[in-house]
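> As given, the protein sequences belong to chains A and B, one line each in that order. Every letter in the first sequence is one number past the one before it in this note's numbering, and letter 45, counting from 1, is 45. Every letter in the second sequence is one number past the one before it in this note's numbering, and letter 2, counting from 1, is 1002.
Derived from the structure by calculation, the hints contain no laboratory data. Heads up, none of these hints are tricks.
List time: in silico DSS-like cross-link candidates among lysine-lysine, alpha-carbon distance up to 27 Å:
#: 1; chain 1: A; residue 1: Lys263; chain 2: A; residue 2: Lys297
#: 2; chain 1: B; residue 1: Lys1131; chain 2: B; residue 2: Lys1016
#: 3; chain 1: A; residue 1: Lys110; chain 2: B; residue 2: Lys1136
#: 4; chain 1: B; residue 1: Lys1020; chain 2: B; residue 2: Lys1131
#: 5; chain 1: B; residue 1: Lys1125; chain 2: B; residue 2: Lys1016
#: 6; chain 1: B; residue 1: Lys1020; chain 2: B; residue 2: Lys1088
#: 7; chain 1: B; residue 1: Lys1020; chain 2: B; residue 2: Lys1008
#: 8; chain 1: A; residue 1: Lys65; chain 2: B; residue 2: Lys1016
#: 9; chain 1: B; residue 1: Lys1088; chain 2: B; residue 2: Lys1008
#: 10; chain 1: B; residue 1: Lys1131; chain 2: A; residue 2: Lys110
#: 11; chain 1: B; residue 1: Lys1125; chain 2: B; residue 2: Lys1136
#: 12; chain 1: B; residue 1: Lys1020; chain 2: A; residue 2: Lys65
#: 13; chain 1: A; residue 1: Lys65; chain 2: B; residue 2: Lys1088
#: 14; chain 1: B; residue 1: Lys1020; chain 2: B; residue 2: Lys1125
#: 15; chain 1: B; residue 1: Lys1123; chain 2: B; residue 2: Lys1016
Residues from chain B shown here face chain A by an in silico Cβ test under 8 Å; the list is partial:
#: 16; residue: Gly1062
#: 17; residue: Glu1063
#: 18; residue: Leu1066
#: 19; residue: Ala1132
Yeah, the Cβ is synthetic: ideal placement off N, Cα and C, and Gly gets one too.
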Amino acid sequence: MYVAVKGGERAIDNAHAWLAEERRGDQAVSELSIEQIRNQLTLAVNRVMAEGSLFDPDLAALAIKQSRGDMIEAIFLMRAYRTTLPRFGYSRPIETANMACDRRVSATFKDVPGGQILGPTFDYTHRLLDFALAAEGEVPEAPTVTAASERIPHVAEFLNQEGLIQTETPSEAVPPDLTREPLELPADRALRLQSLTRGDEGFVLGMAYSTQRGYARNHAFVGELRIGTVDVEMDIPELGFAIDIGEIEVTECETVNQFTGSKTEPPQFTRGYGLVFGQSERKSISMALVDRALRWKELGEDNLGAPAQDEEFVLYHCDNIQATGFLEHIKLPHYVDFQSELELIRKLRREALETVAGQVPNVAEAAE
Amino acid sequence: MSTELTRKDWMSLLAKAPAKSLAWLWEATQLSPDFTWLRAPEIGAAMVRGRMGGTGAPFNLGEMTLTRCSVQLATGEVGHGYVQGRDKDKARVAALVDALLQGPQAEAVQAAVIMPLVAERDKAKTRRATKAAATKVDFFTMVRGED
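The shape of chain A in the complex, shown without the other chains:
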């Protein structure tokens, strides 16, 4: 039974007014601007764009401000806004081989053509809190050296030349779109990649980590990781040709996995692929590992029953907006539902006390 309850309006209004005040914090402290968030909390902005599935740094910065830094709430705001936008079209697939790379490393080839470019990385920092940042100060301009304006080729191309790696078959097939059709299983790889790239970073990381620990035996090397900007090109019907409609920053990761062959495939290296909006290195590597684990069927591998091989488990649980929506709804009023549960427990207790006097041992386990 559902009973509408009225009477909370004033409490709700007052709660929201207080939320606005708490969001602002101490008024003696200067207010954060959208520009400050976009420029100085860039990686948070990137995560909100990636999981909000909408590339717009200003909007993502606004969402972070509005959500008081609650990332999933910010992602929720992006997703909600996204649904209000008319879809002007689909871009041509971005050409990551033409990326203007800020960073490009390979863990498999030391002397990779184009070089190992570290970029603005946290790697090799000591992870010690830098108290100098607590004080305001000027940051010196980073060193520069003359850059060769060469195209940086994908690492997989080199292995392809020897035929040692499974090749990707270029096609112009129209991929399914989970923002237009509900996600149905079995999902093809295009749908899995779309789902993973907007999936929760923590969830995808956890799934990827499980494959490294042995749940689906896939030992992955990072064949290549690159971060930089690419042009987005789209056909414009009224022009009859394609133009660049913008430029986006993405992180691309390609893993190379040892593969001893299966019933259908010869021994070769296989690939996992990650592509994520913004500078999102951890997410991109995670995505590549999970993509590889989910490919067991098409590569003729055994299903080891590992969670990361279970596309229903992974794809139906990686979306943090679906997850948080269902999870958080249980805090909203369920008075009538609960009333019936109460009645039931009282009845069962009465019956149980009349017959048995046993006790279920309570086995507790400490959390780490």
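With chain A fixed as given, assemble chain B onto it according to the hints.
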């Protein structure tokens, strides 16, 4: 860069140009041509696609915001603005510039708006590329013990 820019080149440039730079350069031309809206500015999105493994079959990566509009000058030229983001005024200026680049004022508009944007873009790209180049690793091989 040669001055032989195609319409595809300048529209691509305008789409990616920083809104502030375009607004400032447009302002400085002191042009305000008479025009009618063929399509008033509207904000929307485009679904961006990637390729599996960078080279394989396409998949949908996520959307990006986009603003578009179309204008017709009193002199007849039709201009389209397709610009990244949600700036309607940027789309309007881009459409007007596109229209003017097809008419008698093309050379002046190219010199006043397009070439400075090209220079700014190239400068910004070079600045990032030179910083990236400074983080390129130069390996040197250490003598490795045999036992």
